[in-house]
Each structure stands twice: as structure tokens, then as C-alpha cells.
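Chains A and B, in that order, are what the protein sequence lines are. Mapping of the first sequence onto my numbering: residues 113 to 492, in sequence order. Mapping of the second sequence onto my numbering: residues 113 to 492, in sequence order.
Take the hints with a grain of salt, since some may be wrong.
Any copy will do: because identical chains look the same in the list, a pair fits if it lies in one copy or spans two.
No more than 27 Å apart at the CA atoms, straight line, and that leaves these computed lysine-lysine pairs for DSS-like [to be verified]:
(1) LYS151 / LYS420
(2) LYS190 / LYS215
(3) LYS190 / LYS400
(4) LYS420 / LYS190
(5) LYS233 / LYS400
Keep in mind that the hints were calculated from the coordinates and are not lab data. Quick caveat: nothing in here was measured; it's all calculated off a predicted structure.
Number of protein chains: 2
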Amino acid sequence: MQFEVLQTDSKARAGVIRTAHSEIETPVFMPVGTVGSVKAVTQEMLEALDARIILGNTYHLLLRPGHELVRSLGGLHKFISWPRSLLTDSGGYQVFSLGDLRKLAEEGVTFRSHLDGSLIKLSPEISMEIQTALGSDIVMCFDECTPFPATRDEANISLELTGRWARRCRTKFDDLHQVENAPDQALFGIVQGGVYQDLRRKSLDQLREIGFEGYAIGGLSVGEPKEQMYDITEFIAPQLPDDRPRYLMGVGTPQDLVESVARGIDMFDCVMPTRNARNGQLFTTFGKLNIRNARWVRDERPVDEECKCAVCTRYSRAYLRHLHISGEILASILASYHNLYFYLDTMKRIRQAIRLSLFEEFRLEFNARLSRGQAEPGFD
Amino acid sequence: MQFEVLQTDSKARAGVIRTAHSEIETPVFMPVGTVGSVKAVTQEMLEALDARIILGNTYHLLLRPGHELVRSLGGLHKFISWPRSLLTDSGGYQVFSLGDLRKLAEEGVTFRSHLDGSLIKLSPEISMEIQTALGSDIVMCFDECTPFPATRDEANISLELTGRWARRCRTKFDDLHQVENAPDQALFGIVQGGVYQDLRRKSLDQLREIGFEGYAIGGLSVGEPKEQMYDITEFIAPQLPDDRPRYLMGVGTPQDLVESVARGIDMFDCVMPTRNARNGQLFTTFGKLNIRNARWVRDERPVDEECKCAVCTRYSRAYLRHLHISGEILASILASYHNLYFYLDTMKRIRQAIRLSLFEEFRLEFNARLSRGQAEPGFD
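Between the sequences and the hints, there should be enough to build the whole structure, so can you do that?
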């Protein structure tokens with residue numbers, strides 16, 4: 113994997129990541145394909161949307177269909193027929209969401225499958241094994257996602273574990289990639305430390321000492337106030353190595369993307385565009401629109417009059433509302449497509465603005481429109 | 113609407129229906145778009161599949177979103193953004209499926225909505241009003257679908273009612289189409305009479321006396337043995353007027369289509385390709401394949417190695433199985449697309465065979481392959 117910053121505009125960066133499978137212009141949003149499918153859209157649609165990289169969840173793929181099966185079928189790219197780049201998470205985030213169903217030790221985590229209750233183990237080494245079997249382009253370190261709230265002590269103990277695990281990940285990853293025919297992969301470290309600036313800095317120092325191909329900020333967007341998320345990002349993002357991609361995990365709303373790019377972030381992922389689509393929440397230039405609202409029953413306008421996506425150029429709010437109310441699968445397909453278009457198009461506009469050194473103007477206009485929309489009935 | 117028979121090959125006919133919205137080559141299969149959406153596929157996909165006509169269900173559209181809403185938004189074509197032809201059924205079939213929830217009288221039928229329990233009336237006149245509001249290209253008479261089994265007396269009483277209703281439909285339809293700006297529509301009559309040949313003939317005579325733009329065979333595929341369905345079709349289809357389209361309602365399996373074309377049928381509709389797709393049943397040249405079967409877990413082949421559809425040229429059985437087992441929406445999308453392709457491609461091959469006077473050869477080969485496939489494990 114190669115990474116190059118092409119242009120900076122204040123703290124915002126426009127660059128390009130090159131993997132064995134695609135060229136990814138940054139800042140980039142990565143649609144989430146949990147179990148090997150970005151929910152409710154086809155791979156053809158993702159190509160039409162010009163998605164260059166999507167995410168797969170190690171936890172879900174481990175349970176079903178299993179990484180050994182995926183490996184035997186030629187890896188995740190081939191299995192799901194996705195020729196462009198893939199990033200896999202480490203499984204850590206999902207495991208820690210299991211709460212009482214998991215048992216944490218220095219060695220790793222033991223948990224029960226939510227599918228059949230079987231006992232499963234994850235550790236830095238096992239996570240590296242799995243992600244190597246999956247053959248993703250970008251592999252994430254197995255970390256402990258520090259919950260919110262966490263005391264300073266808890267956050268400190270947690271980041272120390274993440275640091276020790278990061279070293280074990282690096283070692284195992286490097287071992288696995290010394291053999292011939294190992295997939296061409298890059299390993300990213302994950303900064304923890306909760307909402308404590310000095311702990312974030314400490315975590316980053318540990319990771320830098322080990323050395324990674326990219327650096328992620330984990331443990332945000334886990335329930336903390338939005339201002340705190342922005343503050344921590346603002347504090348730590350500029351300290352991440354300049355010459356490596358900076359990835360803010362699990363974030364966020366369209367506004368979060370703009371605000372985090374302003375703070376120096378290059379990569380994002382979030383289930384929001386697809387999950388909210390299935391619940392009837394559509395993203396527009398003027399805010400979120402709940403398509404189930406009776407307000408739209410006779411509305412012949414597209415979801416977003418300024419949107420050029422295949423959904424907005426063909427289908428009306430009235431029809432989309434009808435599909436959602438009727439529980440039609442097409443409702444999920446069209447809403448997911450539109451929301452992904454909105455997210456990817458927003459990132460494209462961000463990249464263009466940075467290249468023209470107009471990012472601050474873009475950001476002001478983006479936020480102003482959102483405020484105007486939120487004053488209108490039907491948007492929030 | 114215009115109809116022309118271009119070629120006959122024994123009893124099989126190849127022709128073309130021209131509506132205000134599209135040219136429809138026959139024999140044709142019409143995908144069912146119950147509530148204004150062919151389940152799990154987009155209108156773009158239907159266009160890619162070269163579907164020229166799809167079906168809408170009056171009963172479902174009446175309940176939601178309501179025909180007055182559809183009319184006020186410019187009709188069903190505009191509402192669902194489907195520029196090609198539409199056929200609407202009369203609502204009769206669904207109402208009669210309600211059993212005890214409906215009350216039948218000479219005037220019409222009263223029933224309770226399955227959605228909110230409200231009391232709704234359907235009659236020949238109301239059905240014509242609704243279908244005119246929807247603006248479909250082909251309107252079906254409001255008939256009583258005689259159940260199976262039915263005694264001779266029951267079938268006779270039922271067909272007589274259907275006959276009287278057919279006359280009322282014709283009168284009301286003609287009244288509605290004398291006004292300016294009425295949609296360009298054609299009205300089809302429906303032959304009833306159960307499994308009794310002389311009653312079928314009697315029903316047809318009544319309809320011919322009234323006169324319709326096309327003739328349908330109703331009350332088949334309602335539980336009678338397959339041989340009886342073929343026999344009734346063989347008996348009555350050739351007696352339907354030569355110069356009008358002949359439509360066998362609610363049929364059927366791919367083999368049913370081939371066998372019914374051999375008996376003189378031009379038009380079909382059925383939920384089978386889309387409904388079975390959602391349950392994991394895929395149609396192939398060699399029979400039905402249940403994609404959930406553990407047999408396919410590592411199978412890298414496409415669903416049908418001879419199929420040229422967008423699903424078979426990209427995705428493996430192993431991946432499709434994984435999607436179905438995981439309950440992913442993409443499973444329904446891809447399976448529905450493939451099954452519709454298989455149905456529409458079968459109809460295309462049928463048309464080509466008839467035009468080359470090779471239909472009997474096609475039919476023998478089609479049935480022979482099916483038998484070969486059914487001898488293989490995994491197909492039925």
C-alpha cells in the first residue's frame with residue numbers, strides 16, 4: 113500500500129491510497145459490508161457509485177461463513193466478487209459490544225457466538241490469522257475499544273492493553289507476511305485513550321514506536337458528547353504521522369465527516385447511510401428527511417432536488433414513501449443507494465474543495481445549508 | 113392496443129402486442145409488481161431484463177396507496193416510474209382468496225382490508241373505476257374465480273355470475289373511455305367454468321358475445337392436478353379468438369409456460385420467480401436449485417453454468433448461499449434477478465423457436481434437460 117498527500121488546505125488533506133486492488137482518493141468514506149455485502153445494494157451499484165473501498169467485519173465473517181472457507185475460495189475479494197479494495201476490522205469492536213457475553217484476559221477475548229452460542233476465542237494473533245485469510249487490503253490491529261464513560265484509570269489500563277496487543281499484532285502480521293504468496297496487505301494501528309488528551313498522546317506514542325502503515329482513532333462515537341469527539345479528534349489527528357493515512361473509525365453523520373476532515377482525517381466508515389436508509393431516513397443537502405412522514409404522501413419531488421443520483425433522477429418522494437410504508441424491499445434498495453451516493457458525493461466535493469484550497473468555504477456553505485434545511489418542516 | 117400474430121407453429125403462436133407504452137413480443141411472461149414494485153428488483157433492472165410489461169394488483173393498490181392518490185399523481189406508470197406497459201388485474205382473485213372475510217352478492221363483493229380491517233366494496237363498476245384511475249394498458253374484468261374443487265353446479269352458477277359481471281364491466285369501461293383524456297386502455301374478459309369443458313365453452317361464448325380486446329383463462333392453477341390444467345388449456349385455448357391475445361392467468365412453472373404455449377397461450381403472469389427467489393429457490397435449465405442447501409457451500413460455479421445473466425456471470429453458488437443463510441437483502445435481489453432472467457429468457461427462446469418453426473424441437477429438448485437435471489443431486 114502506498115499513500116501520498118497531494119494537497120493540504122489548513123488541516124484538511126487530499127491524497128491518494130494505492131492498494132493492489134484500487135486507487136482510493138482521500139478523504140474517503142468506506143461503505144460497510146458487514147458479512148460480505150453492503151446491505152441492500154449490489155456490487156454493480158457500488159461500482160456505479162464509484163466506491164473504491166468497502167469494509168468487511170471480521171467478527172461477522174468469522175462466525176459466518178468462516179475465514180477458512182473464504183480462504184479456500186480465494187479470499188474475500190473473490191468470494192464476494194469485489195475487485196476493488198477491502199478493509200477488515202479486527203473483530204474487537206463487535207466483541208466488546210457483547211458485554212457480559214465475553215471474557216477478557218491478557219491473552220485475548222473469549223465469547224459466545226450470537227448465532228449458535230458456541231465458544232469462540234479472539235486474540236491479536238488470531239485476528240491477524242483471520243484477516244490474512246480474508247486477504248483484505250487493509251488489516252486493523254486487534255484493540256480494546258475503551259467504552260464511554262471510562263475513568264482515567266480505566267482508560268489508561270485499556271490503552272496499555274491495546275498497546276501490548278498492537279505489538280503482538282505487528283509481530284504476527286509480519287510473520288504471516290514473510291511466507292511466499294501472502295496477500296499484499298497493510299496493517300493499521302488504533303489509538304485509544306478515551307476522552308483524555310494525554311492518554312491519547314501516550315497511546316499514539318506507543319503505536320508510533322511499533323510503526324504502522326496507517327493510524328486509526330478508535331473509541332470515539334461510542335456515546336460521548338459530539339463536542340468531545342470533535343475535541344479529541346482536533347487534538348490527536350494532527351499528531352498522527354503526516355505521511356500515513358488517518359482513519360476515524362465508525363464516524364459518522366455527513367456533518368461529522370466535514371468537521372473531521374477539517375481536523376485532518378483521511379478515512380471514515382459508518383453503517384449510518386445504509387442502516388438509516390432501511391429505517392426510512394434519507395440524507396440530503398438540507399438535512400435528514402424521514403420518508404415515512406405523511407407530509408410526503410403526494411410529493412412528486414425527488415428526495416433531494418439537488419441530487420443527481422439514479423434514485424433522485426427517477427423516483428418521487430411519494431413513491432419512496434409508499435414503498436417504505438408497504439415494507440417493499442425496493443424501499444431499502446433505493447434509500448441505501450441514495451444515502452451512499454450522498455455520502456460518497458459529499459466526500460468528492462470535499463476533495464475538490466481541498467484541491468482548490470476552498471475547503472473552509474465549502475464547510476461554511478455546507479453547514480449553512482444544513483441550518484436552513486433544519487428550519488424547514490420535514491427535515492432535521 | 114393492437115395485436116398481431118406473426119407466425120404459428122402447430123398451436124404455438126408468436127406475435128406482438130402494441131400498447132401506448134411499449135411493443136410486447138408474445139408469448140410473454142409478465143413479472144408481478146403487486147403493490148407497484150416487482151419485489152426486490154429496481155425498475156432499472158426490469159429494463160435491463162428487457163421486461164416490456166409488468167403487472168399491478170388492483171386489490172393491493174386500492175388498499176395502499178389508493179387509486180385516487182395514484183390518479184392524482186398522473187397514473188401508475190408515472191407513480192412508479194415505469195414507462196413500459198402495465199396490466200392490472202381486477203382485484204377479484206385476491207378478494208376471493210379472503211374466504212370468510214368477504215361477502216358475495218350479485219352487486220359485488222364486500223370485504224375487510226387485511227391491513228386495517230376497514231370495510232371495502234368491489235364490484236364490476238368499481239373495479240373499472242379503479243383500473244381506469246390507475247391507467248394500466250390492459251384492464252381485466254372483475255370475475256369470480258371459481259375455486260377447486262367445485263361441483264358442476266357451483267362452477268355453473270359461478271361462471272354465470274362472471275358472465276353478467278363481464279357485461280357490466282364492458283358497459284362501465286366503455287362509458288369511462290368515452291370522456292376526453294381517458295387513458296388508452298384495453299379490456300380483457302376472463303373465461304371461467306372450472307374443470308368442466310362444456311362450462312368453459314359456455315363461459316367463452318358469453319364473453320365472445322360481449323366482445324373483448326383479449327381473452328384470459330381464469331380459475332386454473334388454483335389447486336387442480338397439473339394434467340387437468342393442461343387438459344382444460346388444451347381444450348379451450350384454441351377456441352379463444354385467433355386475432356386476440358390469449359392470457360393464462362397465474363401460471364406457472366417454466367415447464368407450464370412451455371406446455372401452455374404449445375396449447376396456444378400468448379401471455380402469462382406468476383409470482384413464482386420472485387417469491388421462490390426470496391425463499392432461495394432458483395430456476396435453471398436443469399431444474400430448481402435450493403441455494404440454501406449445504407451442498408453448495410464451497411461451490412464456485414454460477415447458479416446455472418449456461419445462464420448469461422448478470423448474476424451468473426459474476427457471483428458463485430457459495431456466495432449466494434452465504435447471503436441467503438445470512439438473511440442479506442442482496443440474496444433476494446440477486447435471486448429475483450436471476451429467476452426473472454430465466455423466465456424472460458425462456459420466453460425469448462420460445463419466441464425464436466416458433467419463428468423458426470422449431471418449437472416442438474425446443475420443447476422436447478427443454479423437457480429432456482429438465483429430466484436430466486432432476487436426476488442429479490441438488491436439483492428438483
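Hint-by-hint comparison with the structure:
1. LYS151 / LYS420: For LYS151 and LYS420, the Cα distance is within 27 Å both inside one copy (22 Å) and across copies (25 Å).
2. LYS190 / LYS215: neither (34 Å within a copy, 57 Å between copies)
3. LYS190 / LYS400: Between copies only: 26 Å across, 36 Å inside.
4. LYS420 / LYS190: For LYS420 and LYS190, only the inter-copy Cα distance (19 Å) is at most 27 Å; the intra-copy one is 31 Å.
5. LYS233 / LYS400: neither (40 Å within a copy, 39 Å between copies)
Hint compliance for this structure: hints 2, 5 are not met, and every other hint is.
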